[in-house]
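Student: So the protein lines, in turn, are chains A and B.
Counting in the numbering used here, the first sequence runs from 61 upward without gaps.
Counting in the numbering used here, the second sequence runs from -4 upward without gaps.
Think of the hints as simulated: they come from the structure by calculation, not from any bench.
Here the structure is a predicted model, which means the values were calculated and not measured.
Beta carbons are placed, not taken as given, at the ideal position from N, Cα and C, and that holds for glycine.
Careful, some of the hints might be misleading.
Stated by the list, open to error - With a cut-off of at most 25 angstroms between alpha-carbon atoms, the simulated SDA-like pairs for lysine to any residue come out as follows:
hint, chain 1, residue 1, chain 2, residue 2
1, B, K96, A, N259
2, A, K138, B, N37
3, B, K96, A, K138
4, A, K117, B, A155
To be verified - Where chain B lies over chain A, by a calculated footprint (3+ residues, C-beta under 8 angstroms):
hint, region
5, 137 to 145
6, 256 to 269
7, 349 to 363
8, 407 to 421
9, 430 to 439
10, 448 to 456
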Amino acid sequence: MGMTMVEKILARASDRKQVFPGEVLEPRVDLAMSHENSALVINQFLEIFKGTGLEPKVWDPSRIAIIFDHRVPAESAKTATNQKKIRQFVRQQGIQKFHDIRGDEGGICHQVLAESGYVLPGYVVVGTDSHTTTHGALGAFAFGVGATEMASVWTLGRVLNVEVPATIKVNLRGKIPPFVGAKDVILALIGQISAQGANFKVLEFHGDTIRRLPTSGRLTLCNMAIEAGATSGIIPPDEETWRYLRTECGLTEPNIDLFPDPDATYAEVVELDVSTLTPMVAFPHAVDNVKPVEEAYGIPVDQIMIGSCTNGRLDDIEIAARILRGKKIARTVRLLVFPASYRIYHQALDKGYIKDLLEAGAVVMNPGCGPCLGVHEGVLGDGEVCLSTTNRNFKGRMGNPNAEVYLCSPAVAAASALSGVITDPRQIELPLIENNPEED
Amino acid sequence: MAKVVLTLGDDISTDHIYPGRYMATVLPAETPQYAFADYPLNKKLNSGQIPPESIIVAGENFGCGSSREQAVSALKGWELVIIARSFARIFFQNAVNLGLKVVICPTIEAEEGDQLEVTEDAVINHSKGKRFPIIPLPAARKAIIDAGGLIAYTRQRLLAERKISS
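Sequences are here, hints too, so could you generate the full structure?
Tutor: Okay, structure coming up:
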């Protein structure tokens, strides 16, 4: 009987020929990622060893990644002390994939993992972050877990309680129109299937749209799979996957041939024609409250954020820079830009995008999660409205329950920065967008 | 039998349960003070007006969003019971791992102040005189609960493995 991508990966990681949705397995973990919440993971890890007489030792320090990104540099003494404890633990245990607050190799965990080549197709990846789904873009089964579950993985090298998820096949057809991007595709999909439409299931992406989509956009798609409740998003690896791993991470050849079987069983098949898609906006306070940008046109905004694990990659910054180049953002808005990693920051510097953004009036911040989760920079005031390329707009998300967050693509965000109100980027005259040799 | 102290709609996220601005606080002993920080319930909890085993009734997809375990440890700290029509996956697994009592009851109807009883297979709303069937936990999750949570369960497994290898 045929298997889906995730069924195949779980079978392999559990030494099984065949697995079925609903079965409970204990798959081996190829990569275990955490960020500042490692402080809690460490606490729980030490608890596990308490009273056993055994020395607390992680199962494999080469398979653990710890990246500081949620509160960098530390916003409080509490965070700084937690980060200090984590550094000590990293040294003590010999954890190799550690990314501290540094301008050469730091950044948001999901971007750092992808661009460092830590994730390969076929891997089982767990992360103490719900957006771990991002790594499905590289053909891995990647899902979020809690800190105690991570402590258990650090101890045993396996996840103890994985129910094989059913898979929803998502067929994306057609060419994405100009000024529309992967973010609009995933917002449209979430709007269609709802915030719980994929609960306990996997979204497996197929179709000609995917084959043409660069890894950057694939990361955006899989990143937001969790916003439909999915355990993970996943894209079968292809030439583009290997191109990305070769050029970004120096991988020399494919590690594995892994595709879903043609006769795999899917719980559901969802079709989406993207050729007529318009830029989309998720209204407060739900990610599935999605409407075409036309219906948001003219809504005044106080703060705009471009960045995050969803939309902080080079092509995201590039479209913003092109829209803003030689212009000034409205006096009524603050534009905050957070590149997803320092590698991207350096690339954006080299290409002149950072200068374009600064000259337009944007504030370019250090790579990290920034205002996305309301714990650090860019908190909103009472009654303020933020337009953001991040992935969540729950009430209180950006640190103030009396503020509102709208979600959109970098193109909508940049166009709106010029006017100070939510704006359709297709209405902006842009001679510079033509004839870009890097596109297509 | 226990009282419903809060009723909620669908898609209540972990940002509602434990706002991101308190995420630097991680230890289970310290998180309960911020449970539902932006709701009036928070004051009632912190002033000792809510007895253990009190019930929160929610709609679909309770606990969606972030994987932050604080959202579970904060509720566990007050020994609350969560009855929801459905749960988001990570929250549900975290609840099992930490021993927060969660009940999946797809048709539950209740108002604040109602007296509910949770039995093996149903939630009985004594105030309304109605009975709502529940979906039992899968066996693998029950094993974690029976062991006293994932820390104890992992400890058992660790000791068993070390015994075999030595």
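Student: Look at each hint and say if it fits the structure.
Tutor: Hint by hint, here is what the structure shows:
Using a Cα cut-off of 25 angstroms, the hinted pair K96 of chain B and N259 of chain A holds, with the two alpha carbons roughly 20 angstroms apart. In summary, the hint linking K138 of chain A to N37 of chain B is supported, as the alpha carbons are separated by about 22 angstroms, within the 25 angstroms threshold. As the CA atoms of K96 of chain B and K138 of chain A are separated by approximately 30 angstroms, the hinted pair breaks the 25 angstroms bound. Only pairs whose Cα atoms come within 25 angstroms are accepted, and K117 of chain A paired with A155 of chain B is accepted, the gap being roughly 16 angstroms.
Residue count for the region 137 to 145 of chain A with a Cβ under 8 angstroms from a Cβ of chain B: 3. That meets the three needed, and the coverage hint holds. A count of 3 residues in the region 256 to 269 of chain A with a Cβ less than 8 angstroms from any Cβ of chain B is obtained; the coverage claim is therefore met, three being the minimum. Here the region 349 to 363 of chain A counts 0 residues with a CB under 8 angstroms from a CB of chain B, which misses the bar of 3, and the coverage is violated. Only when three residues or more bring their CB closer than 8 angstroms to a CB of chain B does the claim for the region 407 to 421 of chain A stand; here the count is 0, and the claim is violated.
With 4 residues having a Cβ less than 8 angstroms from any Cβ of chain B, the region 430 to 439 of chain A passes the three-residue criterion, so the hint holds. As drawn, the region 448 to 456 of chain A meets chain B at 4 residues by the rule of a beta-carbon pair under 8 angstroms; at three or more, the given contact holds.
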